[in-house]
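**Student:** Quick mapping for you: the protein sequence lines, in order, are chains A and B. Per numbering that gives the first Met the number 0: the first sequence = residues 0 to 323. Per numbering that gives the first Met the number 0: the second sequence = residues 0 to 326.
Calculated directly from the structure, the hints in this document are not laboratory data. Some hints here could point you the wrong way.
Stated by the list, open to error - Have a look at the derived ranges for each label pair, beta carbon to beta carbon:
(1) R19/B / S230/A: 50 to 60 Å
(2) E291/A / P49/B: 49 to 59 Å
(3) E2/B / G42/A: 53 to 63 Å
(4) A273/B / G231/A: 51 to 61 Å
(5) E226/A / P49/B: 23 to 33 Å
(6) L111/A / I57/B: 23 to 33 Å
(7) G81/A / P49/B: 30 to 40 Å
(8) P140/B / G231/A: 32 to 42 Å
(9) A289/A / I57/B: 49 to 59 Å
(10) L320/B / G316/A: 40 to 50 Å
(11) G231/A / P198/B: 33 to 43 Å
Stated by the list, open to error - Partial list, derived from the structure: chain B residues whose beta carbon lies under 10 Å from chain A:
(12) D50
(13) A61
(14) L62
(15) A63
(16) G108
(17) D164
(18) N165
For glycine and all other residues, C-beta sits at the position ideal for the given N, C-alpha and C.
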Amino acid sequence: MIGTGTTEAEAPAAYLERYARMLLIRLFEGEMHRLFLQGHIHGTTHLSSGQEAVPVGICSALDPHDYVAGTYRGHGHALAKGTDPEALAAEMLGRATGICGGRAGSMNVIDLEHGLVGCFGIVGGSIAAATGAALSAARQGRVAAAFFGDGAANQGYFHECLNFAKVLQLPVVFVCENNFYGEFTPMVDVTAGGDIAARGAAYGLPSRVLDGNDLWAVRAAGLEAVESARSGAGPTLLECQTYRHYGHSKSDPATYRPKDEVDRWMERDPLALARGRLLESDLEEREIEAVEAETSERIERAVEAALEAPFPDPDEGGAREFRE
Amino acid sequence: MSELEFRTAVRDALAEEIERDPAVVFFGEDVAAAGGVFMTTPELHERFGPDRVFDTPISELALAGAAFGAAVTGLRPVIEIMFGDFMGLPMDSLVNQAAKYWYISNEQGSVPLVVRSAVGAGGRFGAMHSQAHGTWFQGVPGLKIVCPSSPADAKGLLKASIRDDNPVIFLEHKRLYSVKGPEPEDELVPLGRASVVRPGTDLTVVSTMRGVPDALAAADRLGDEGIDLEVIDLRCLRPLDVDTVLESVAKTNRLLAVEEGPRTGGWAAGVLGAVAEEALHELDDVWTLTTAETPIPYSPTLEDSFLPDPDAIVASVSERLGISIAR
Chain A
0 MIGTGTTEAE APAAYLERYA RMLLIRLFEG EMHRLFLQGH IHGTTHLSSG
50 QEAVPVGICS ALDPHDYVAG TYRGHGHALA KGTDPEALAA EMLGRATGIC
100 GGRAGSMNVI DLEHGLVGCF GIVGGSIAAA TGAALSAARQ GRVAAAFFGD
150 GAANQGYFHE CLNFAKVLQL PVVFVCENNF YGEFTPMVDV TAGGDIAARG
200 AAYGLPSRVL DGNDLWAVRA AGLEAVESAR SGAGPTLLEC QTYRHYGHSK
250 SDPATYRPKD EVDRWMERDP LALARGRLLE SDLEEREIEA VEAETSERIE
300 RAVEAALEAP FPDPDEGGAR EFRE
Chain B
0 MSELEFRTAV RDALAEEIER DPAVVFFGED VAAAGGVFMT TPELHERFGP
50 DRVFDTPISE LALAGAAFGA AVTGLRPVIE IMFGDFMGLP MDSLVNQAAK
100 YWYISNEQGS VPLVVRSAVG AGGRFGAMHS QAHGTWFQGV PGLKIVCPSS
150 PADAKGLLKA SIRDDNPVIF LEHKRLYSVK GPEPEDELVP LGRASVVRPG
200 TDLTVVSTMR GVPDALAAAD RLGDEGIDLE VIDLRCLRPL DVDTVLESVA
250 KTNRLLAVEE GPRTGGWAAG VLGAVAEEAL HELDDVWTLT TAETPIPYSP
300 TLEDSFLPDP DAIVASVSER LGISIAR
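So here's chain B without its partners, still in its complex pose:
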């Protein structure tokens, strides 16, 4: 069976949607001639020409603002804000212009716009090139936030995001770009639906992006010890699919949320809160595994220790369940 690389999935999704719909345009910094700094968009410029795929100045505010203006006048722009950390710069346009438009215009128009960015730590990029900005935007009504964990989902979710009539923040984890996986079964993956990627009975682990394969690796090891994890990939932070988590917790009665980000203001705590509100009586235990409340460090020893990797998940579960596992 043929395998799909994550970065190729992104490229293919873009190519197929640019091909399919003449309103789709793609622009950003170094995305056209250079093919993207993470080599996610090679050959699109050559194939579709400068009217459809073009480079822009390093001007994130103009990029997002122009994409907004284009989206409300007939185009369906996809832009790349190279690193998620740069998302502070275009925030006014995304939060005040794009997110609110559908509602405050009294539904005169919506904003079909996708903002792709590379996110996440583990690449030794330091504190200003390693963050995941999903939670910066999670409290903004009108935005969708998509965060795939596999090549198949990356493709189906990106295609669905481009076809969505609302503004979508699309996160691509840097430590997933070289991951290979099965080709997608369906062309589109609907936004706002979590996926049970591993069924289990003892404990529900929810995560996103790189946290999902890490949780699966931890589940394999804990399985050897007789602990059966159910792993859920949220796939979207907004809309957040709490129902799938509730169904799982009804079975396992325990919930761990693994987030590559601080606990304060993070999505993990939000999921726990939503589950507690709906199903307190179902719960034997809930907790989070998150990063320290510090900026992301550079040095390999510091960064490795900072991240919730499979070892950290195994250790956290073992400690919480009161079992001892040989390392």
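So here's chain A without its partners, still in its complex pose:
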């Protein structure tokens, strides 16, 4: 059976599309991993494999013109909100055709056309960006959502903005992707009380803990929070518990995570869970496979095109400090 709560009546095909978006993120991250190892991507990069259900579930509950702010682990945030994979891949590769012309790189992607206010290289920055976008959104009938990790729950941004947003009843959804590690450090070791959702409740926000690997659960909670925000009832905090498949960044093999813990989470891979659930519906497996093949080809084409794109020309000029 597909769907819980408000999503129960939806046709399986709608979830097939969302599953395909999750797969798009997974395959994109796999390609970024490969391209980094081959020396095509520079500096560092933070992959979101394993966490796909959160941005896809939340963005599926938003309207296209709603706002999203993401993190430095933000490729999934951008792709879930609608950023073109080729333009995103080109940005990672530092090419002129990148979504930010190669000026931003992996950690700071901005795609205003798709409502992605930005991804922020500083932990917690997305929380303020979405809070501010909600000031505009309130006048525009829109909603803003902030993605951030468990580490950000210890930043001033988190506490100041949850209070600020609640006092002003702003239409914002705070989405914590709790992957249980702030960089290399276990969340429980550095988070007093160990309960992020409880912090939201302390500021008067409806706050929920949910299975962040369950697309259906994330979407259902997202729909409720978005509707509440749009109706003027103010902000919500959703703590989505999930797990990253790679280390924190490219320099991190993640040896600090116990093997049995990793195994446990790998068994709950959000893509496998979603696929299993789709198979329980009246969809045929070949329909799923067709979408998988299509998604795979899309990523292949995007990466190929991005690799062929030119680098920005430093002698071309045109860099302007200010907008005139």
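Please arrange chain B on chain A, whose structure you already have, making use of the hints.
**Tutor:** Same frame as chain A, now just chain B:
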């Protein structure tokens, strides 16, 4: 002729821009119901309502971050960070979010945002309520830094800042709030252009904010001694109008920069460097008059001695030019 008080100039600029453009909103701590702790924004809340002018929690990081997020999604926020000294708290949002956005987004969007603060020493507020934070931000590409010295400029520069599509740090010196001066001649004062506020031939003095009237007072006294000062008000620290200073120095061949702040890392030394780079052969002498390399003291005797007031400017010029002036 009617006179305009500095604090009223600030209030009027805000009122006119809120009236003119529905995208302009103004928020901060105690700015709405209370009208601002320096009484710069009374009655705006009553006149424009809580959607346009509102109070916020004491959360400078949330304030600046929210203003940034609002600015990239259609609003033109003006926020007040009550004292410039508090600007350490919202620095991440201003430096990493607002300042870089236009460039790293590949010009997808800019950040029309103004951050007003009361700054400066001389009010016996002590070390954490007396600094001027302009130089903390001067090395950040993408930010404009505005620092008016007169009521007319305060009004025209603030209006221009609100209409500017880029993030602007706007400094209001506490010892200027009660100063009165002529009404502005033009509605807007363009950002990034210095002003020659007193023409002269012997020595160029550049300063900002309270330093400008102090330099003018010193110029009057030195004029009595036959020394003719040209006084330049920079008006903005970024973009910095070096050309106006160069034109002046071509005439006077001497340059003094008076800064209410330490010499190390200050704008005065930066102006001297920029002028030397362009016009070394024009220069007979250059120097700075700045504050000690210590925090700002509280006690009136210590604080008065700390500040570069007109007496200090007169003494510095006299000593440097080798003349003796009766005090």
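**Student:** All the hints need checking, so say for each whether the structure fits it.
**Tutor:** Results for each hint:
| no. | hint | in the structure |
| --- | --- | --- |
| 1 | R19/B / S230/A: 50 to 60 Å | 32 Å, violated |
| 2 | E291/A / P49/B: 49 to 59 Å | 52 Å, holds |
| 3 | E2/B / G42/A: 53 to 63 Å | 57 Å, holds |
| 4 | A273/B / G231/A: 51 to 61 Å | 53 Å, holds |
| 5 | E226/A / P49/B: 23 to 33 Å | 25 Å, holds |
| 6 | L111/A / I57/B: 23 to 33 Å | 31 Å, holds |
| 7 | G81/A / P49/B: 30 to 40 Å | 34 Å, holds |
| 8 | P140/B / G231/A: 32 to 42 Å | 40 Å, holds |
| 9 | A289/A / I57/B: 49 to 59 Å | 57 Å, holds |
| 10 | L320/B / G316/A: 40 to 50 Å | 45 Å, holds |
| 11 | G231/A / P198/B: 33 to 43 Å | 59 Å, violated |
| 12 | D50 | 8 Å, holds |
| 13 | A61 | 4 Å, holds |
| 14 | L62 | 8 Å, holds |
| 15 | A63 | 8 Å, holds |
| 16 | G108 | 5 Å, holds |
| 17 | D164 | 4 Å, holds |
| 18 | N165 | 5 Å, holds |
Against the hints set out earlier in the document, violations occur for numbers 1 and 11.
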